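Asker: Sequence:
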Amino acid sequence: MKAQFWIIPILAVLLFTVPMLAMVPGQSEDIPKSSQASSSSNTSSIQSADIGIRKKDLKFKVLDSSTGKTKTYTAKEFAIGAIAAEMPPSFHIEALKAQGLAALTYATRLKLQNETQENTDLKGADFALGDGSFTGFMKKEEMKERYGENFDTYYEKIEQAAKEICDKLIVYDSQPIVAAYHAISGGKTEAAQNVWQSSVDYLVPVDSVGDELSPDYEKSVSMSAEEVKEKLSAGIDGTDFSGDPSGWITVVSRTESETVNEVTVGGVSTTGKQVRSLLGLRSADFSVSYAENTFTFITKGYGHAVGMSQYGADYLARQGNTYEQIIQHYYTGVQIITVD
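Residue numbers (the working numbering): 1 to 340.
Since the hints were derived computationally from the structure, they do not count as laboratory data. Every value quoted in this text rests on a predicted model; they were computed, and no experiment measured them. In this text, a Cβ means the ideal position worked out from N, Cα and C, and glycines have one as well. Some hints here could point you the wrong way.
List of simulated lysine-lysine pairs, BS3-like, C-alpha gap at most 25 Å [what the hints assert, rightly or not]:
id : residue 1 : residue 2
1  : 140       : 76
2  : 71        : 144
3  : 76        : 219
4  : 71        : 139
5  : 59        : 76
6  : 157       : 140
7  : 139       : 163
8  : 163       : 59
9  : 55        : 144
Label pairs and their computed distance ranges (CB to CB) [what the hints assert, rightly or not]:
id : residue 1 : residue 2 : range
10 : 197       : 121       : 23 to 29 Å
11 : 262       : 118       : 38 to 44 Å
12 : 231       : 56        : 49 to 55 Å
13 : 160       : 219       : 31 to 37 Å
14 : 173       : 236       : 55 to 61 Å
15 : 246       : 74        : 56 to 62 Å
16 : 156       : 72        : 22 to 28 Å
17 : 209       : 340       : 46 to 52 Å
18 : 251       : 207       : 29 to 35 Å
19 : 250       : 220       : 15 to 21 Å
Take these sequences, add in the hints, and give me the full structure.
Answerer: Following this line, the structure appears as structure tokens:
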């Protein structure tokens with residue numbers, strides 16, 4: 001299936017809403033040595049002209065929604081800001097490269113989309129920061145504040161990663177991909193179809209075994225029965241919470257990736273995605289129990305679980321995989337091209 005630009009509005013708000021986690025990668029002695037990444041070649045016969053962009057065009061006019069000002073960034077400058085915003089600088093440099101390439105590819109997709117479907121609200125910019133379409137970008141001044149005395153070391157590392165990928169794009173069917181990513185999966189990534197009801201050939205479940213080693217892989221949160229009732233009834237019509245609270249929430253089915261697919265809430269069938277949203281859970285891969293007027297939710301992973309797992313990318317990098325192998329593992333059947 002050819003991934004068309006109409007998918008963008010469906011995915012845009014969700015794509016970059018995962019906050020950066022201060023995650024500490026597992027030590028080498030705790031991680032199996034066998035790589036889960038594809039070893040296939042990243043060589044592509046697709047030319048950059050085929051997707052309508054050349055190296056001289058690989059720059060971005062970005063509108064800052066908070067100030068109303070537009071600034072132009074080179075691909076390298078943009079990749080630096082995106083990597084800094086979306087991934088801890090302590091992660092392996094190959095993971096940083098993969099993150100930068102994913103963000104750069106998505107930004108290019110937005111740029112091409114706006115050229116064919118001009119948005120007057122952007123005031124001539126390719127896209128905006130802070131309007132929901134692209135939020136993952138950090139300015140140099142913000143990096144200095146966040147990194148403190150480590151700024152020089154971290155900036156040099158991020159800049160090195162950005163330099164290597166700033167003339168590359170991830171493509172599928174001659175189009176820059178919707179390069180979705182998330183913090184941590186539940187051990188297997190999720191299909192776009194199950195999250196956004198739009199099938200995307202390259203956003204399908206793949207194993208991400210390193211995620212289970214994350215200190216943030218599994219979390220527990222407790223809520224009173226009254227709080228659960230209030231939050232769920234506000235977002236789901238027709239619910240009946242008059243009975244025993246232990247029967248209010250029942251998981252009916254799960255996807256291949258073990259995220260909750262169908263769940264009954266107060267007698268009404270809904271999705272795990274909606275329950276996650278209404279209750280503010282870390283993921284839709286959850287289990288629920290009830291005792292003494294308290295619901296306990298145990299979640300696995302963090303984020304929508306579609307596309308590249310950031311923690312999983314770091315795991316693969318620490319096993320010796322390159323950013324190309326990481327990208328090809330998480331985005332099925334894609335190619336990486338050099339923009340000439």
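Asker: Sort out which numbered hints this structure fails and list those numbers smallest first.
Answerer: Of the numbered hints, 3, 9, 14, 17, 18 do not hold.
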